[in-house]
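Undergrad: Given the structure of chain A, go ahead and fit chain B onto it with the hints provided.
2 protein chains.
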Amino acid sequence: MNLWLNRLASPVPAGPATPADLARYELESAGIRAVLQEDPSMGDAYRIDPQEDGLFRLAGGKTGLLYAAYRLITAQLCGESILSPLSDAPKYALRMINCWDNMDGSVERGYSGRSLFFENGRVSYSAERIKTLGRLLASAGLNVLCVNNVNVHDPAQRLLEDYLPDLAALADLFRPFGIRLMVSVDFSQPMRHGIPTADPLSPDVRNWWKETAAGVYAAVPDLAGFLVKADSEGRPGPFTYGRNHADGANMLAEALRPFGGYVVWRCFVYNCRQDWRDTATDRPKAAWEHYAFLDGAFADNVILQVKHGPFDFQVREPLSPLLLGMKQTNMAMELQLAQEYTGHQIDLYTMIPMWKELFEELPADSIMSVAAVSNLGNDENYTGHPLAAVNLYTYGLLAWNPETDAEAAVTRWTRLTYGFCSAEERSLVSLLLSSRRTYEKYTAPLGIGWMVNPHDHYGPNPSGYEYDLWGTYHKANREAVGIDRTHAGTGYLDQYPEEIRHKYEDPDTCPDLYLLFYHRLPYTFRMKDGRTLIQRIYDDHFEGLEETRALSAALSRLPFPEPDASVIRERMNRQLYNAREWCDIINTFFFRLSGIPDEKGRKIYD
Amino acid sequence: MNLWLNRLASPVPAGPATPADLARYELESAGIRAVLQEDPSMGDAYRIDPQEDGLFRLAGGKTGLLYAAYRLITAQLCGESILSPLSDAPKYALRMINCWDNMDGSVERGYSGRSLFFENGRVSYSAERIKTLGRLLASAGLNVLCVNNVNVHDPAQRLLEDYLPDLAALADLFRPFGIRLMVSVDFSQPMRHGIPTADPLSPDVRNWWKETAAGVYAAVPDLAGFLVKADSEGRPGPFTYGRNHADGANMLAEALRPFGGYVVWRCFVYNCRQDWRDTATDRPKAAWEHYAFLDGAFADNVILQVKHGPFDFQVREPLSPLLLGMKQTNMAMELQLAQEYTGHQIDLYTMIPMWKELFEELPADSIMSVAAVSNLGNDENYTGHPLAAVNLYTYGLLAWNPETDAEAAVTRWTRLTYGFCSAEERSLVSLLLSSRRTYEKYTAPLGIGWMVNPHDHYGPNPSGYEYDLWGTYHKANREAVGIDRTHAGTGYLDQYPEEIRHKYEDPDTCPDLYLLFYHRLPYTFRMKDGRTLIQRIYDDHFEGLEETRALSAALSRLPFPEPDASVIRERMNRQLYNAREWCDIINTFFFRLSGIPDEKGRKIYD
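Protein sequence lines, in the order shown, are assigned to chains A and B. For the first sequence, my numbering gives the first residue as 3, with consecutive numbering after it. For the second sequence, my numbering gives the first residue as 3, with consecutive numbering after it.
Be aware that one or more of the hints could be misleading.
To be verified - Across the chosen pairs, the derived CB separations fall in these ranges:
id, chain 1, residue 1, chain 2, residue 2, range
1, B, H155, A, H195, 41 to 51 angstroms
2, A, Y243, B, T526, 52 to 62 angstroms
3, A, Y243, B, K605, 30 to 40 angstroms
4, A, E110, B, A555, 37 to 47 angstroms
Stated by the list, open to error - Quick list of in silico lysine to any residue cross-link-like pairs, SDA-like style, CA-CA up to 25 angstroms:
id, chain 1, residue 1, chain 2, residue 2
5, A, K329, A, G262
6, A, K477, B, D51
7, A, K477, B, Y579
8, A, K212, A, E256
9, B, K64, B, D51
10, B, K505, B, F315
11, B, K605, A, E481
12, A, K605, B, K605
13, A, K477, B, F315
14, A, K605, B, W472
I should point out that these hints are in silico values taken from the structure, not numbers from a laboratory. C-beta atoms are modelled at their ideal positions from N, C-alpha and C, and glycine is treated no differently.
Extracted from the complex, chain A is given alone in its bound form (with noise of 0.2 angstroms):
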């Protein structure tokens, strides 16, 4: 197993009890010599003063002792020295894994293998390998985990009902990690216990929730709350009861406050039932239609979680304007660890530039937390893909800090998890961080998303959403291809503020990348490089697979440990097929839309 601190092998001790008893476990084992000094005022924060002697003097909250601890660990690990006192706080208070974990032990949207927590309908679990998890949590900072699916399957309910005591007992297990757990619940849950209604108004729902708080409460005091998928693909809802989800969600918000616990309701409503015929809604305007007129009348205990982009974790996608338009509303923005659309673990996908990008536009506390949707599973490496792990750490690292940078974040994952030599080290720093764009470049063209197999989003299929229910559609033509979203099109680009709207609103000056989800554009379109729009495709397609091909010599050539090297080189292959796939296909569907052969005369299949 080759995990980013497997050099740690020591296993954690049944013993510590709080985040500070295992600081000092773990930095025993490590060989570094600290007095620790708890200030509970600090929380996450820490300081560390680097004493003559070689001794380390930190002080923190109760939990930011634990970050220094892995703080000092992972720099001795990577080689490098702390020489004068340096201080550290999270930019964000929650930093959370939301896990979509059924308990038939299955996991929607799961690339890993079989859940971590749940297997036949029960609360069942490795405690071991929970530890291991723990560990890698909290050494990149991350501490809330939501253990169960968003869409909240039967029994998933009976976590807080008569399960209630196994969430405790692996509530106990994450305590001295710092990480707390958070459930996914199900609004209709009061309906399973004699109730008629699910309406957030009646005054016996509230009373249920209520009580069914303080039972939580009891068992699991630092639960850090609940998250909620309300009407959304199906799922119960405030709706259904002509309430708005400040209604709702400011019902489940009065259960927990006296616990301190937090309501995650999340963003992700709109009309999956659309008919492709009708072209005056938009589904990227759905959350801000939905939301946005509830900006202040969410109670302060209720944080908005929002994918990040409007759609649903495409390669490109603009920053969702409902995450720049609730100034008086906490908010957390939702990210997805999991390769979806992506390319589920099998292709190499490294997300920390996409991420960079969304913070740069995102303005300084817009948000109060982070949320992505988890990639773990019991596979061996946690991760399925090895060097999937690379996200699941360095978005740790920018949860703490978004302005950590890719390439250095990038690096010390390497570094702690292969250990490799210098040369080494730089080239797979470089193959990862340009992982994203490669792939990108073989899929879908220019922001336009979607040209994949619909249900189980690998692979190619140019229209496979193009004539069914779910509001995405690119309507590319003999001549042309896109949805124009601009205020002369759906709309869509006046939610955003002036600077935004300025920066997209023109195709001749929108960043290319942009270019197909703003704009509907012919084919003879010139970019900015003179190249034309078919031109541009086509040479994406053709680089996306060669650079496929490089990056599968160039992976070939690094000693990866077994075994990662053989799990590497066997998803390699499938991602190499998968890449040619996307290549020929999507060159393929616009040569017959458009008649334009490549101006370089490669092969494009007719």
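TA: For chain B alone, kept in the frame of chain A given last:
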């Protein structure tokens, strides 16, 4: 339950041991006075001599007497008088139904509920329902029923092993109806019994099959034989051992010969892993290429069972060239009652007009038997859609006599089933007879096929197969659509005799409805009636939708009894939805490609 002969309310008692006994019982129940004389040499044939006193003298073979009885009973129910002597005999010796039932109770491509024969991995049935089914099949003239799926999934092999007594008991139930069972066998079955190979030339394998056949025939002495799908879509077969299909079939034939059994060998071999970029391979050519050179090499108790068209039960396909080219081989034509590609027994689709076209192209005596994939299941009405029963019944009539008139056959079924008044009967018969052409109009145009959702095969997906592994491509681009299968193209047409080649070779004279099966043509191609190809596509689709709406209105005016009325109404609503999706999506698909508007200005979504 409204089924033909449903006015024969009396259940078949446990008593009758032979078809002649059953004939007597059925005649007596119907109040028909008859004297029966068995002449074993007559087999299925019979003679009816009406006497002056209302008595009938019947002569016939063992099963012929039963067919004579049903002939008399249906005539009586239909109000037809038999005033002069008549003789009849079936055209084809084996009139087969192939059930694709799995032992877990599912039915592959089944749209009528679960299996009538299996559940939970065991033989499991209602004896009453089997007897009702026996009467239905016998009264339609059918005489062989293969009970299990040609894709032999575990544990269906056990029908020849420890489940043999269950098979024998089921055979006992069908025997009085003159229906012999057949079993689909797994070519690799000897390997379940310690033999390291299934090579048909291995003495151990040959002996295993001989011994197995002896055991099977001891239990079911009149078993019709074995049905085999080998080397097809992942099934095992002789190719594994470098043998040809004559080697494989003849080996089994040798084992069955002592008992009078047939080997029915399905000729459905093609490359189901084709690369869509490969234009040298044309799937319709596969059957001929795999089998034609073996003509004369098969044993006399082998029957090659060939799907009626070269693809796979599309709405319109030419007659398979293999059915015309194997003069020295026993051939059976395979039809499909299950509406796999023809509306899932949701959309109304009466098949006899299609079958009549096939039989008209088929020279006399080029086949010796017919088979049809079953549309049966354990739904109350046996066929899912009550009106889908017309396909089962009229298949029987054509299997007996392919010269049966389509309108007469459908009228007989309608009269036996519903007993409507004359105007209503004429209305329903007309709706049934036109239903196939309507379905054809709103689905894939002019013989091109396959524009259907992959996997489930219901609903439109114009490019669903276009980049897939199945060899079913239309290659539509902005100028043209279709595959040239003439001598100048893939050469498929060269597999036919001269007169057929001549009929289809030239697009200017090729019958319209086969145009895009044989030719690649520009959208501006002029049809024989002066319309352009693209206009013809639009016209057909709008007409198909309009006809469906008219069909719905007309059906709603007919006095169907319950539960048929409710089921028909519910399915008709789904057909209306499906027809609109097909019409609009296919028109939009071709409009986006061609850019040519509808001459009549009807709405095509862009």
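Undergrad: Take the hints in turn and mark each one as holding or not.
TA: Hint check:
no. : hint                                  : in the structure
1   : H155(B) - H195(A): 41 to 51 angstroms : holds, 43 angstroms
2   : Y243(A) - T526(B): 52 to 62 angstroms : holds, 57 angstroms
3   : Y243(A) - K605(B): 30 to 40 angstroms : holds, 38 angstroms
4   : E110(A) - A555(B): 37 to 47 angstroms : holds, 44 angstroms
5   : K329(A) - G262(A)                     : holds, 22 angstroms
6   : K477(A) - D51(B)                      : violated, 70 angstroms
7   : K477(A) - Y579(B)                     : holds, 22 angstroms
8   : K212(A) - E256(A)                     : holds, 8 angstroms
9   : K64(B) - D51(B)                       : holds, 18 angstroms
10  : K505(B) - F315(B)                     : holds, 22 angstroms
11  : K605(B) - E481(A)                     : holds, 20 angstroms
12  : K605(A) - K605(B)                     : violated, 37 angstroms
13  : K477(A) - F315(B)                     : violated, 31 angstroms
14  : K605(A) - W472(B)                     : holds, 22 angstroms
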